[in-house]
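> Taking the hints into account, I'd like the entire structure generated from these sequences.
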Amino acid sequence: MAKGPLCGEYFISGDEACAEAGLSAGCRFFAGYPITPATEIAERMAGRMPDVGGVYIQMEDEMASMNAVLGAAWGGAKAMTATSGPGFSLMMENLGLGIMTETPCVLVNVQRGGPSTGLPTLVGQGDMMQARWGSHGPYEIIALCPTSPQEMFDLTIEAFNLSEKYRTPVLLMADESVGHMTERVVIPPAESLKLYPRRKPTVPRDKYRPYEADPDGVPPMACAGEGYHMHVTGLTHDERGYPLTTDPAVQERLVHRLIEKIRANRADIIRVESEGLDDAEVIVVAYGITARVALWPVELARQEGIKVGWLKLVTAWPFPEDLIRQLARRVKAFVVPEINYGQMVLEVERCAGGQAATHLVPHAGGDVHEPHVILEAIRKAAGKVAQ
Amino acid sequence: MGMMENNAKVAVADQVTTNQQHPLDRLLRQDRLPHIWCSGCGLGTALNCFLNALIKSEMDPDKVAIVSGIGCSGRVAGYVALDSFHTTHGRAIPFATGLKLANPELKVVVFSGDGDLIAIGGNHFIHAARRNMDLTVICVNNFIYGMTGGQLAPTTPTGARTSTSPTGNRDHPFNLSYLAAASGASYVARWTTLHVRRLERAIGEALRKPGFSFVEVISPCPTLYGRLNKQKSGLEQMDFYKKNSIIRHGADPRQADIGLTGQIVVGKFVDLDKPSYLQLQKA
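Residue numbers (the working numbering), protein chains in the order written: chain A, 828 to 1214; chain B, 56 to 338.
Treat the hints with caution; some may be incorrect.
As the list claims (entries may be wrong) - No farther apart than 30 angstroms at their CA atoms in a straight line, the calculated lysine-lysine pairs in the DSSO-like style are these:
id : chain 1 : residue 1 : chain 2 : residue 2
1  : B       : K264      : B       : K118
2  : A       : K1034     : B       : K264
3  : B       : K118      : A       : K1027
Said to hold, decoys possible - Just some of the chain B residues that point at chain A, by a computed CB distance under 10 angstroms:
id : residue
4  : V135
5  : L137
6  : G145
7  : L154
8  : R185
Unchecked claim - What follows is a list of derived Cβ distance ranges for each label pair:
id : chain 1 : residue 1 : chain 2 : residue 2 : range
9  : A       : A1076     : B       : L88       : 14 to 24 angstroms
10 : A       : D1043     : B       : T203      : 48 to 58 angstroms
11 : B       : I91       : A       : G874      : 45 to 55 angstroms
12 : B       : G317      : A       : G874      : 49 to 59 angstroms
13 : B       : R185      : A       : S1019     : 39 to 49 angstroms
Derived from the structure by calculation, the hints contain no laboratory data.
Virtual Cβ for every residue (Gly too), placed ideally from N, Cα, C.
Pasting the structure below:
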């Protein structure tokens, strides 16, 4: 294997592509704990980090992994971890610390069937609302959903860039099918990648206030050892970083900024892909492996003369509210297949606001949807009699 | 009294304060004081010993970071004028691990309490010791959860009364020094806040020791522990340490259990030359 990040065409799994993307993005710290179906990311990192002079450490659990990642980010590194449902649950505590302390890092969840230990080796998409709301308190989150090994690569790079730009943990919400799928992955030369650098303070040390934000709501970040002697806390804090836990006005100012730095920049963050929306009467909204599975039934429905479009959520969070609202004004219905019993469909339904019908195509997990099940849902949504 | 006189008085008072700066002032966040700790608490003494040890170590303060968890002891990070991190409950050690490995130039010190480090953070504690991770861990052991109002801790001696063991604790407590030694720490010492010079020296040794160095600081909590256990003031608790501490360097920490009454064995228990985590990575 090459010293340094790879470059060229490779036949690798989504998990391996994710690890390689980390290296290409400049990630030099990985802390993890083995868990199916994300283990291959840790294994790849253990083998490859020495090639780039980075650190791999296997921690004692996922709480430790997430915290070590936060510590490493404050030590100046780009850092990531990877897990699946049970570990994701354990990481929620310190995902919150990362949000509150505005720590850039990437957390990968290769989703499997749940609840609980569920289906360790089989696919699920049941953690999408946990991704949004799993840590306590009010906050906004960024979560991306890859549909292929290539996107495991591309969106891991994107996740690192968004995490640095907005100084927040970013979630890569993959799934077992995409993580274990092995396909051609094109890795561009590392020097050709556009990487967002860490936002460093430009004021003198004695003028630096760690949580005084730039106009876009994001504060520059000093790291330990740079002489700034900053204080970082998960408690509600002022611009100096000092805890102030009895003043609701300080809480309002901080939480408002943490939320607005994402909400006000939705146009910059949100990405979708689509086909056939222009004349669509029915739109299939999907993400991850299910977006890919939905392509064929959409094509079959088109052949039957149904005007159906396809909308892939590259960004699950923040949710593309405005787009769904606009589409709801002119389509008959949305069809939302997902490998859970209704999570992202709730967002579609909320934004449709009764102007278009919303049809969930649920799946408890363990497999992807049968294409004919999605096709049948499209027919029903279009008002066509089932054949 | 006129405004002029008032201002003059304030100016004189400022002058006096300036002239009487405490030698540790430069390592404390003046704008965060006074601290929240109760009268008679041992945390101020423990912090004082740490800062004096740090000054004597001649380490560059720019390259020292302090990480705390949650609780009264966890507030230490908020008072020191160093890069300081106040993390989640029990997670100071893994945070510190990431910080240290991302920038090995840093001296990373974890300063926290017994409930934080050993109950909710117990797994992280034993694994960092097992790895001989290059961290100094100072654990202020006051046998109680202070911040939440005096509940049973994993260190509370059997028989001791707390707000959640109102008729006396029926659990066995952890012996922290033994736990650290058994888990693989390369340096383990225990002192009480009565032994300020020895405690300061031990922290200095711990700061210079490669690998996982652990200093247990037995400390009074008169408000929540002492009051319920016949040691009503900080002074009474210190008096108890004076009468009952026995210095035994090199003692087997297995023999150093701490009870509600009886001896507290203190001293340097472990000082081993074994490869630290970072030394093993380079090997």
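> Given the range 39 to 49 angstroms, decide if the beta-carbon distance of R185(B) to S1019(A) lies inside it.
43 angstroms Cβ-Cβ, so the 39 to 49 angstroms window holds.
> Regarding I91(B) and G874(A), is the given constraint of 45 to 55 angstroms on their beta-carbon distance met?
For G874(A) against I91(B), whose Cβ atoms are near 48 angstroms apart, the range 45 to 55 angstroms holds.
> Can L137(B) be said to touch chain A, with a Cβ gap under 10 angstroms?
6 angstroms, holds
> Given G145(B) as an interface hint, is the shortest Cβ-Cβ distance to chain A below 10 angstroms?
Where the cut-off is 10 angstroms and the nearest Cβ of chain A is about 8 angstroms from G145(B), the hint holds.
> Does the structure keep K118(B) and K1027(A) at a Cα separation of 30 angstroms or less?
With Cα atoms ~18 angstroms apart, K118(B) and K1027(A) stay inside 30 angstroms; holds.
> Has the given pair, K1034(A) with K264(B), been kept, meaning a C-alpha gap of at most 30 angstroms?
35 angstroms, violated
> Regarding D1043(A) and T203(B), is the given constraint of 48 to 58 angstroms on their beta-carbon distance met?
Given range 48 to 58 angstroms: violated, Cβ gap about 39 angstroms.
> Checking one constraint from the list: CA of K264(B) to CA of K118(B), max 30 angstroms. Satisfied?
Status holds; Cα separation ~16 angstroms.
> Hint R185(B) vs chain A: min CB-CB distance below 10 angstroms?
9 angstroms, holds
> Less than 10 angstroms between beta-carbons is the criterion; does V135(B) satisfy it with respect to chain A?
9 angstroms, holds
> Is the interface hint satisfied for L154(B)? The criterion is a beta-carbon contact with chain A at less than 10 angstroms.
Holds, about 4 angstroms.
> Is it true that the C-beta distance of A1076(A) to L88(B) lies inside 14 to 24 angstroms, as the hint says?
At 23 angstroms between Cβs, range holds.
Against the hints set out earlier in the document, violations occur for numbers 2 and 10.
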